[in-house]
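Start from the sequences, fold in the hints, and give me the full structure.
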Amino acid sequence: MTHKLRLGMSTMLFILFFISKSYATQDYAVRYNQISCTSCHYSPVGGGPLKRSGKLFQTSQFQTTPLDLQNYISAEIIGLAYIPEKPKTTKGGLGLMAGSLAVHVPLTERKNSFLVIENNIAGFGLAPLRDTYVLYNFYKEAEYKWFESILIGRFRSPFGLVSHEHRTYTRIQTGTRWFDFETGVLLSGTPNSKMHYDLALVNGKNFYGDGLKAGQANEWGSIFNIRIMPSFFLLGSSLSYYRSDPIDVSHSWSMYSVISLARLNYKFFPATLKLEYTEAKGFNSILNQGNASDPNYVNSILNARSKGFLVRLDWLITNKLTLIYKYDWLTPDSDYPIDIYERHGLGVRWNVSPYTYLSFRSEIGNASHPSENSKSGQLAQNANFLILEASF
Amino acid sequence: MKKLLLNLTIFILFFNSFTYAQSNLDDDVNLISSCVACHGQNGISPNEEWPNLAGQKKQYLIIQLNNFKQSQRVNVLMSPISKMLNEKQIEAIANYYSNLGL
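Taken in sequence, the protein lines are chains A and B.
In terms of this note's numbering, the first sequence is residues 1 to 392.
In terms of this note's numbering, the second sequence is residues 1 to 102.
Among the clues, some could well be false.
Partial list, computed: chain B residues near chain A (C-beta under 10 Å) [claimed, not checked]:
id, residue
1, Asn30
2, Ile62
3, Ile63
4, Ser71
5, Val76
6, Lys83
7, Met84
8, Leu100
9, Gly101
No wet-lab data here; the hints were simulated from the structure.
Predicted model only: the values in this text are computed from it and were never measured.
Glycine included, each C-beta is placed from N, C-alpha and C at the ideal position.
Given below as structure tokens:
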């Protein structure tokens, strides 16, 4: 297939999908004044299996099905068609990112504690064990308390803007991609309707949760996240610190905001703007996991302090179609700010059926470091991708 | 970084003032947009667990929204939503749904 033909097909798909919504967790949270993710999800971090209220809300544009009314099983499939600029030299094609099955059962009659197990049985190898924990809620739903819940097990990192997207620079830069999970204890609280915090004590970084490893016992990390939602916008900040041994210390911080223009004035501009700024140290090795072109360049900046920035606009064209613009920027070594990666992405997300979303995005990538500019790595390349998400 | 914070502050201040200007318009579309996701555009809920609001008595709706707001009635989704409504907005919503025919 020639590049022109591929571009033509992508354009056609873009136009085709332009007739139809979007879904994004933080968009809904701010628009409907939900400071706590547990309004819809089991996990206080957000993401992962939905509670009954979340399932009903997810499918609220459609008629209820029996799947909404059961509260024990969830499943998710994320399929990807990825077409990079140089498909012959870079990985691409069709793949299944996730084929996950989750079971969630109440452990007590009061339904204040739950067992959740989610396994990615048919998706990418880096993400086998996902949300798997015991969750104990100290109080009833919708009550505001300093100590709301404690979660023990494996969970998403409560860091920055949680995203399903695996190639957001701020997530790569801080080791908090969609398949990076933490193992440990998470304490969360929502003292009032405008504030939420998470505090986690976890195992060391780069732990896939698939077994115990030699030297792991002395590794540990800590993550703190706090967010406030005074009005139509949310402001948050996260800190992470990992200590693997005396010479391997990694840390990062994030400052983020979600601004619901839809809550401000739905008629005028039904959109959500997301902003995130991050700084990190000790995570640059992730760039060598198929992202950068030149491993020697990455190895030379392994201990550098990086900076990243994300802007994303989700604009509801109709209640089932969202137009998405995303800008990503990363300086892997802040001592050399001229060396950057950046991407512009434009696409749409369509709510096809109660449980199905289809996204298409076209991205223009750029890298300024001479050895990265060869466009052999994924970050520097232009790319088109199509993502199918089906979950209940 | 300082520039970024300054720009963000200006942006938030600008839109905050915009909110007050718009709220004076008492625009039903903006208000009802928070309700229709669950209770339907025509006040008929698409699922069995959430109530229809079309034709519901105005005073009943005002009382229930105030109960959610004051935590006398608790629901995981409704409680936070009601806390962002003021008295005038509660009345406008109740008015809108009570006037919808079944």
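Each hint, compared with the structure:
Nearest Cβ of chain A to the Cβ of B/Asn30: about 5 Å, under the 10 Å cut. The hint holds. Interface restraint check: B/Ile62 against chain A, minimum CB-CB distance 19 Å, threshold 10 Å, status violated. With a least beta-carbon distance of about 18 Å to chain A, the hint placing B/Ile63 at the interface is violated under the 10 Å criterion. With 10 Å as the threshold, the beta carbon of B/Ser71 comes within range of chain A, its nearest partner Cβ sitting at about 8 Å, so the hint holds.
Hint status for B/Val76 relative to chain A: holds, with the closest Cβ pair at about 4 Å, below 10 Å. The beta carbon of B/Lys83 is positioned within 10 Å of a beta carbon in chain A (closest approach about 5 Å), and the interface hint is therefore held. Against a cut-off of 10 Å between C-beta atoms, the interface hint on B/Met84 holds, since the closest Cβ of chain A lies about 4 Å away. A distance limit of 10 Å between C-beta atoms decides the matter here; for B/Leu100 the minimum to chain A is near 18 Å, and the interface restraint is violated.
Hint on B/Gly101 is violated. Least Cβ distance to chain A is approximately 21 Å, over the 10 Å limit.
When each numbered hint is compared with the structure, violations occur for hints 2, 3, 8, 9.
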